[in-house]
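A.B. asks: Here's the letter readout for the chains.
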Amino acid sequence: MTTVRRLLPEAADADVADLLRELTATRAEAPFRAEAMDFCADFAQRLRREARGLPEAQALAFWLRGAGIRRLAGHFAELGGDGVVLVPRGTALHIPPANVDTIFMYSWLLSTLVGNRNVVRLSDRAGEQALLIVDVLRDLFRAGNHPSVQASTAVVQYGHDRQITDALSAACDLRVVWGGDATITEIRRSPLPPHATELTFPDRFSLAVFRAGSYLALDDARRDRLAQRFYNDAYAFDQLGCSSPRLVVWVGDQATAEYAGADLFDRLAEVTRERDYAVATSTAIAKLAYTRRAAIDWPVGRARSYGSRLTVLPLDRYADVRGEFCGGGVFFQFRVGSLGDLASRIDRRDQTLVQFGFEAAELTGLVRELNGRGIDRVVPVGEALTFHHIWDGHDLLQSFTRRTTIDLTEAHLT
Amino acid sequence: MTVSLDDLLARRQYSLHQIEKERLLGAELAALTERHRRACAAYARILDTFPPSAEAGKLADVPYLPVSLFKTHHLASVPDEEIFKTMTSSGTTGQAVSRVVLDRETADLQTRALAAIMTTLLGPRRLPMVIVDGRHVVRDREKFNARAAGVLGMASFGRQHFYALDDEMTLDRRGLADFLGRFAGEPILIFGFTFMVWQYLVQQLGPGEADLSNATLIHSGGWKALQAQAVDNATFKRTLLELTGLTRAHNFYGMVEQVGSVFLEGPDGHLHPPNFADVIIRDPATWDEAPVGRTGVIEVVSALPRSYPGHALLTEDLGVVHGIGDPATGWGGKQLEVLGRVPRAELRGCGDTHAGESARTAMPV
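Line by line, the protein sequences are chains A and B.
The first sequence begins at 1 in our numbering and counts up by one.
The second sequence begins at 1001 in our numbering and counts up by one.
Be careful, since some hints might not be right.
[Unchecked claim] Some chain A residues close to chain B (C-beta under 10 Å, calculated; not the full set): (1) L288; (2) G301; (3) R302; (4) A303; (5) L313; (6) V379; (7) P380; (8) G382.
Please keep in mind that the hints were generated in silico from the structure rather than gathered at the bench.
Ideal Cβ positions, reconstructed from N, Cα and C, are used throughout, including at glycine.
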C-alpha cells in the first residue's frame, strides 16, 4: 500500500490505489457545464477577499472572473462545430513547477472546465500562495455547492516518489508536466498507458524587442509607464519565470539604440527603487557571480550597474546567453538593424517575445519567417506573464479534450 | 616581491596603525590588480566589463571577484608550467569545488605569512602539540582534503604531535593524560576544528580531568554546527576555562582561496587581519562599504595571491566589523566578527530550482 498526503477535497493521508479508484469511478462531465462555471465565479470571489496583497492569487482571481470564463467558453465552442464534438480526455494528471504558485490552478481549472477528472501533484516545496489557495478551495468545497467539481478533484502533495508517480501516471489519460527539463526527464521515467497523451512545458527563454525610434518618440510620461510595465514583465518571480525577458533587443542604428537603451534602463532602475524591489543577499551574490562569469564567457561590453537591483550587460556581438540564470534583474542587451535580423538568432527554447513599436505585418512576417523554429507568443510590454489558454504553442482547451467527428454525409448506396 | 610586502610580513603582525596599513597594503593591492590584469585574460575581461572606480585610492576601491568564480573558471596569472600545486576546497559530494593555482612564489609567501601570524601568538619555538583529530586524516593520502591540509599546515608549528582521537573519533584519554604529564608546566599547543574540539574533546572531559592551563588552543571551521547546540564563542571559552583552566583560545577564519591570510581571534574576542590582509564589509543592496557596526557581506583582501587573481574576494559569509584595535595592545587592525553563511533565498520561477552553492564557511587550511 502506498499512501500519499491528500490536500483536497479534504486534508488526509490516502492510499493511492483507493484515491484513484474513487476518482476514476466519478464520471467525466460535459465541457463548460454550468456548475463548473459557477464554481469559477465563486472561487474568484473568495480569492479576491482572502488573498489580498498576493499578486499571483489576485491575477488568478481576475482570470477567473465571469467575463473571462464566458470568453473561454466562446473559444471552446469555436473549436467544435458542425460534425465535431469536443469531449473530455478522462483523467488528467497535472505536475506543476514547485515555485510558481498559481500555474497548477490554471492547468487544473481549464481541465475541470472541459470536464476532466484531475489529480494535481504539489511538490513538498509548494509555496505560501499555493497552500493558501488550497485552503480557500477546501473551504469552498465544504460549502457543498459544487459537488461534481469536488468529486473530480484530487490535490496531493509529495516529494520525489517514483512509486506514487508510477501509480498516478498509469491511471491517467493525459499527463501535463510543467517544467523544468530535469523534472520532465524524471517524470517520463514513469510510463503512461498506451492511449494516454502527454503535454510538457520545458525550460524556456524569453526576450524583448523594442524599436529604438518608436521608444524615443514617446514623451517622458509614456516612457515611464512603459518602464513600469516592463518592470512587471521582468521582476515578477525575480526574473526566473520562463516568460520574463532576459535579453533586450533594440532595432535601430547604433547611436539611437544606445541612447534609447540607457534611457529605458535608467527609468527601469527608478521603478525598482520606487517599488522598493528587494534583492535577497544570496541573490545579490549570485548576480555578482553570474555577471562576472558572463564577462568572461561572452562578448560583453561595459556593464551598466544600478546597485544590486539592475545590471545591464551589452553584447558587442550576438552570443547564446540562454541556459542557467541568476534572476533578480540582469539583462543582456543587443542591437540589430531590422526586426528581420533577429530571426536568425531565435531558437526552439525561445518562448515569449515582448515587443514595442512594431506593426502587425512585421511581427507576422517574423513569425512566418521563423516557421516554428521558436517564439510561441508575441505580447505587448506588460503582458509577458499573463496566462493565456494558448500556452507554449498548445491550445490547452483543445489539448485537454478529444475531437469526436460525426460525418453526416449519406452513404453511397447506389 | 615588493618592498612593502616584505615590510608587511617582517613587521610584528597587528602592530600597524590602520592608516599606515591601508597605505602600504593599498599600494600592494593596486600593483596586484595591474599584474593580474596583464597576466590573466579572464580577469582583464571582468575589469573591462566592470571598470574599477578611477581613484582606486582606498582598499574598498580595489576590484573584487566573487569567490565562487574559482569553482567555475580556471583563473591563473601564471603559465601552466609554473603551477606548483592546485588547492581545492573541501566540498560535499556533487558540489563544485574551488580550484586555486599556486606557483612557487605564492606558495612560499603563504607559508611565510602563516608563520608570521602563528609566531606572533606562539613565539618562535615549536611547542608540544595536541591535534584534536585522528591520525588517519593525514595518513590517507587518497582522501587528502582541506581538513588534512589544515592539520598539516598547523602541525608545522608544533612538535611531538599527539593525535587525541582514534579512527572512530573517540578521545584517547590515557594518551592525553600521558602527554599532559610528560609536558606538565610547559606551554603546549592544541589545534582542531571548532566543532570537533567541542564534540570530541570538551564534551568528553570531566572537570579537572585535564589541566590545559598552559595550553594555547587554535581552532577553526565555523560555528554553524555548534549553533544548533546553542554554543557560541563565549560559551565555548567559558566551558573550556571551567573544565580545563584553558585561558588562551583563539578562533581563526580563513579560506582556501586565500591561504596564509588567516584572521586570528585576539583577546578582545574579535578576529584580526594580519598586516598583509584586510576585511571590508559590503552592503549587499549597493555593494558599497558598510560602516563600522553594520552587518554585511565579507570581502577579504590579501597581498599574497600572485599566481591567481584572488587578492580581493567577496565571500559568501556575513560579518560585521566592530571597530579597529589599538596596535599598542598588540592587537591592531579591524575587529571582525563572522556571522556565518549568507542564508539561501527561496528561488522562484518556472523550471528546476537547485539547492545552489555549497555551504562552506571558513574552512581552515
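A.B. asks: Give a verdict on every hint.
C.D. replies: Here is how each hint holds up against the structure:
Hint on A/L288 holds. Least Cβ distance to chain B is approximately 5 Å, under the 10 Å limit. A cut of 10 Å between beta carbons decides the hint on A/G301: the least distance to chain B is about 7 Å, and the hint holds. Residue-level restraint check for A/R302 holds (minimum Cβ-Cβ distance to chain B is 6 Å; threshold 10 Å). With its C-beta approaching chain B no nearer than about 5 Å, A/A303 sits inside the 10 Å limit, and its interface hint holds.
For A/L313, the interface hint holds, since its Cβ comes within 10 Å of a Cβ in chain B; the closest pair sits about 7 Å apart. Checking A/V379 against chain B by beta carbon gives a least distance of about 16 Å; that is not within 10 Å, so the hint is violated. Hint on A/P380 is violated. Least Cβ distance to chain B is approximately 21 Å, over the 10 Å limit. Annotation: interface hint on A/G382 violated; nearest CB of chain B at approximately 19 Å, more than 10 Å.
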